[in-house]
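Input sequences plus hints: build the corresponding full structure.
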Amino acid sequence: MKGMELSRRYFEEYGRTMIDEKLSRYREYIAAGLVGEGSECFGFDDQLSADHDFGPAFCIWIPESLYETAGAEIQKAYDSLPQSYMGYRRITSAQGGGRVGALTTEGFYRKFTGLDHAPADNMEWFRIPERFLATAVNGQVFVDNNGRFSQIRSELQRFYPEDVVKKKLAARCAMMAQTGQYNYGRSMKRRDFQAAYLSCGEFVKTAMSAVYLLNETYMPYYKWVFRGAEDFNVLRETVERLRNITMLPDTAENSAKKEMLIEQVCVDVGRELNRRGVTRTTEAFLQAHGDELMRAIRDVRLRNLHIMADCD
1 MKGMELSRRY
11 FEEYGRTMID
21 EKLSRYREYI
31 AAGLVGEGSE
41 CFGFDDQLSA
51 DHDFGPAFCI
61 WIPESLYETA
71 GAEIQKAYDS
81 LPQSYMGYRR
91 ITSAQGGGRV
101 GALTTEGFYR
111 KFTGLDHAPA
121 DNMEWFRIPE
131 RFLATAVNGQ
141 VFVDNNGRFS
151 QIRSELQRFY
161 PEDVVKKKLA
171 ARCAMMAQTG
181 QYNYGRSMKR
191 RDFQAAYLSC
201 GEFVKTAMSA
211 VYLLNETYMP
221 YYKWVFRGAE
231 DFNVLRETVE
241 RLRNITMLPD
251 TAENSAKKEM
261 LIEQVCVDVG
271 RELNRRGVTR
281 TTEAFLQAHG
291 DELMRAIRDV
301 RLRNLHIMAD
311 CD
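Numbering-wise (the UniProt record's numbering), the sequence shown opens with residue 1 and increments by one.
If you are wondering where the hints come from, they were derived from the structure by calculation, not from laboratory data. Be aware that a few hints might be false.
Heads up, simulated DSS-like pairs for lysine-lysine below, C-alpha to C-alpha not over 25 Å straight-line [as the list claims (entries may be wrong)]:
no., residue 1, residue 2
1, LYS223, LYS2
2, LYS111, LYS205
3, LYS189, LYS205
4, LYS111, LYS76
5, LYS111, LYS22
6, LYS22, LYS2
The structure is reproduced here in structure tokens:
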């Protein structure tokens with residue numbers, strides 16, 4: 001059984017009753033669901049996932065002001081629920097603590113975004129790593145009587161503002177041009193296979209980020225990057241090219257094939273930018289697209305940043 005389904009059933013059977021009977025005086029402040037860290041929150045869990053930080057569990061989000069006075073009581077009520085359910089027992093690792101049970105709405109979002117509210121301007125959006133936004137908006141909310149948790153969640157799910165997307169895509173174009181179209185081939189010609197390996201790795205990671213941006217989806221952390229792209233409608237063939245690149249060792253025999261795949265990926269991204277009307281250049285070298293994107297940014301704070309800012 002998938003972890004999300006297990007969590008929902010557990011909540012419906014035990015969580016709702018707990019809230020209604022033991023925590024009724026706090027009901028109007030409570031939101032509950034399963035969102036955050038863990039493959040089950042993304043729907044990517046499998047049999048291997050069940051060996052750690054898996055089992056019947058859910059989150060209870062309440063305002064910080066309430067947590068100060070009632071957090072311990074709410075956690076105690078949660079801890080009194082059955083530890084086993086439908087043949088599964090919650091297994092928590094040292095790294096998996098604090099993911100479920102009584103949490104604060106403000107603390108949850110602050111953990112992943114650095115803010116206890118939705119980003120208020122372009123710079124606040126720009127500073128939040130994609131993988132943390134992916135984590136903050138995954139999963140499911142089963143109930144939200146207070147509304148604040150879902151309000152912030154909804155605003156984050158709308159995706160980055162237009163200028164932030166342009167800045168991020170400009171950075172991806174510049175990095176893809178540098179690592180893939182320029183440095184990979186030069187490193188192979190020097191037989192500097194270590195530099196070639198690192199260049200290719202940076203290229204694949206950055207190109208996948210561009211694909212996610214163009215699908216208006218936050219890219220999760222590295223482990224789930226390709227898994228999360230399986231259902232994309234935009235640049236599906238590009239994802240397959242990138243998958244093929246990862247399967248080719250950096251040897252002299254593979255160099256030409258990898259360079260061809262890298263170039264095809266860059267052409268794909270450039271054409272998609274053209275199709276959307278965000279760039280007009282038809283140059284294959286993606287640096288040109290990055291430069292054009294930078295010029296199109298209206299927010300002077302973003303426009304004045306280094307083109308590669310956000311690719312650190």
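- With a cut-off of 25 Å on the C-alpha distance, tell me whether LYS223 and LYS2 pass. holds (18 Å)
- Pairwise hint evaluation, LYS205 against LYS111, where the allowed Cα distance is 25 Å at most: holds (24 Å)
- Regarding the pair LYS189 and LYS205, is the alpha-carbon distance no greater than 25 Å? holds (22 Å)
- Message: Check the hint pairing LYS111 with LYS76 against an upper bound of 25 Å on the C-alpha distance.
- Response: holds (23 Å)
- Take a quick look at whether LYS111 and LYS22 sit within 25 Å of each other, Cα to Cα. violated (28 Å)
- Message: Hint check: LYS22 vs LYS2, CA-CA at most 25 Å. Holds or violated?
- Response: violated (28 Å)
Going through the hint list in order, the structure does not satisfy hints 5 and 6.
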